[in-house]
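Undergrad: Using the sequences and the hints, build the whole thing.
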Amino acid sequence: MPTAGSTLSLDGEGKPLWVSLELTYQCPLKCVFCSNPVDYDSYREGELSTEEWKRVIREARELGALQIGFTGGEPTLRKDLEELIGYADSLGFYTNLISSGIGLTPARLEEMKRRGLKHIQLGFQSCDEQTANLMAGADVFRRKLEIAHEIKARGFPMVLNVPVTRHNLPQIPEILNLAERLGVEYIELANVQYYNWALINRDQLLPTREQLEWAEAEVAKFRERVGERMTVYFVIPDYYDGRPKACMNGWGAIHLTIAPDGSALPCSQARSIDTLSFPNVRDHSLAWLWQESDTFNFFRGDSWMKEPCRSCDEKEKDFGGCRCQALALTGDPANADPACSKSPHHDRILTAIEQAAAAADRTEALIYRDAGIDTCKGGCT
Amino acid sequence: MTTPTLPIPENRYVINPLFLFRWEASQNAHVLLYPEGVVKLNVSAASILKLCNGEYSVEQMIDRLSERYDGSPRELIGQSLIKFLEAANANGWINAVA
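Chains as they are written, first to last, in the numbering used here: chain A, 1 to 381; chain B, 1 to 98.
Hints should not be assumed to be uniformly reliable.
Unchecked claim - In silico DSS-like links for lysine-lysine, alpha-carbon gap of 25 Å or less:
no., chain 1, residue 1, chain 2, residue 2
1, B, 40, A, 317
2, A, 15, B, 83
3, A, 15, A, 79
4, A, 245, A, 306
Hints are computed from structural coordinates only; laboratory data are not their basis.
TA: Right, here's the structure in full:
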């Protein structure tokens, strides 16, 4: 899960400290920035059963995992969500729910609290109803706001996760004020990362450098005003930074994602690397697929690296960036992440920035996450 | 006033409810768990956080730690404690209670 907030001050020592369970790819929203696979609907059948998920949870804990995230799609669509939360809590996990809020009700929140849920990350697009609904592809703004209040009323720590695109970026000051009024402890202004649906829509989503610099200054003003009451996460995204992100803290280092069909992935995007096959929890123990499988060992360490990564003095810091982004933009997942200014393919990022800046805002050009859509009409490569 | 570096000896602290503090056998250490993060604690940090339950004033924490680390000068224990409490407070791990 390439969220920037998942930093750990603890070396994994070979353990998958963070386990993300993608309980389902189904979701009532149609977000234009969704990072789920474009063919998400083909996973509708064959989702893991409650007992299979429990086995995954148990084996992950035995491997030393400490954090567990229930995510999707929209995880509240699974009727056994509360049961799985309770099971994970009973084994000692710190339980995180990552939800759009749609599907949460006061009664379900009470039950999750009773079962030991520790934290809720709520996806939130904007303080402006029209913008929020435009980005989510559904009329959900008011419902989300209501559920945010319900979450806080039950004393859950809540992280607001705001995917930043050129649509909601101008509203960042008002979004921060709204978060303050809601009483959230932490808001993540998460620059959209361009995979899957977001990549298809990149020309219409990517903010300009000037916009980002303005947003950075606004965030600094807000931080100064509220002090320690609220943490605001915001960094200049990799497209503009010249440095690649230390994606997942390295391949197979501390993150393990299990997809709805039981495929084990080093990150939620990894399946885009179609030259690798991803072992399934239905066929293997978690210990085997984490420690022994070729796939999890493929990009571990640095022996797979090509130049300029191999001789780079920052390779221990950023691990060459993101394998999925290297594949999507250069055609080879072993290349340096083109977000790196040292990458021979860095021009692909610069071109994407120019192309997005030149693209006139046309909301009608946005392609919403939908099962029946021919995504290549959107100009995907 | 035991040591001159003690700003508010009567302060009491509690662990921020955002954080879960517990023993983790697989790390052979106490850990602090919080939304999307983990901190592995060394023995002295853990022994201080155990006293951040709202019951002990800074003064009393020094008493308890002096018993535990018999032989270390009380003043030194006080200084290290204050330093840790300040850092833990800055990290949001603990909150002062009135």
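Undergrad: Compare the structure with each hint and give your call.
TA: Results for each hint:
For a cut-off of 25 Å, the pair hint linking residue 40/B to residue 317/A stands: about 20 Å separates their Cα positions. Restraint check: the Cα-Cα separation between residue 15/A and residue 83/B comes to about 31 Å, which exceeds 25 Å; the hinted pair is violated. For the hint pairing residue 15/A with residue 79/A, the CA-to-CA distance comes to about 30 Å; that exceeds 25 Å, so the pair is violated. Restraint check: the Cα-Cα separation between residue 245/A and residue 306/A comes to about 17 Å, which is no more than 25 Å; the hinted pair holds.
Taken one by one, the earlier hints fail for this structure at numbers 2, 3, listed in ascending order.
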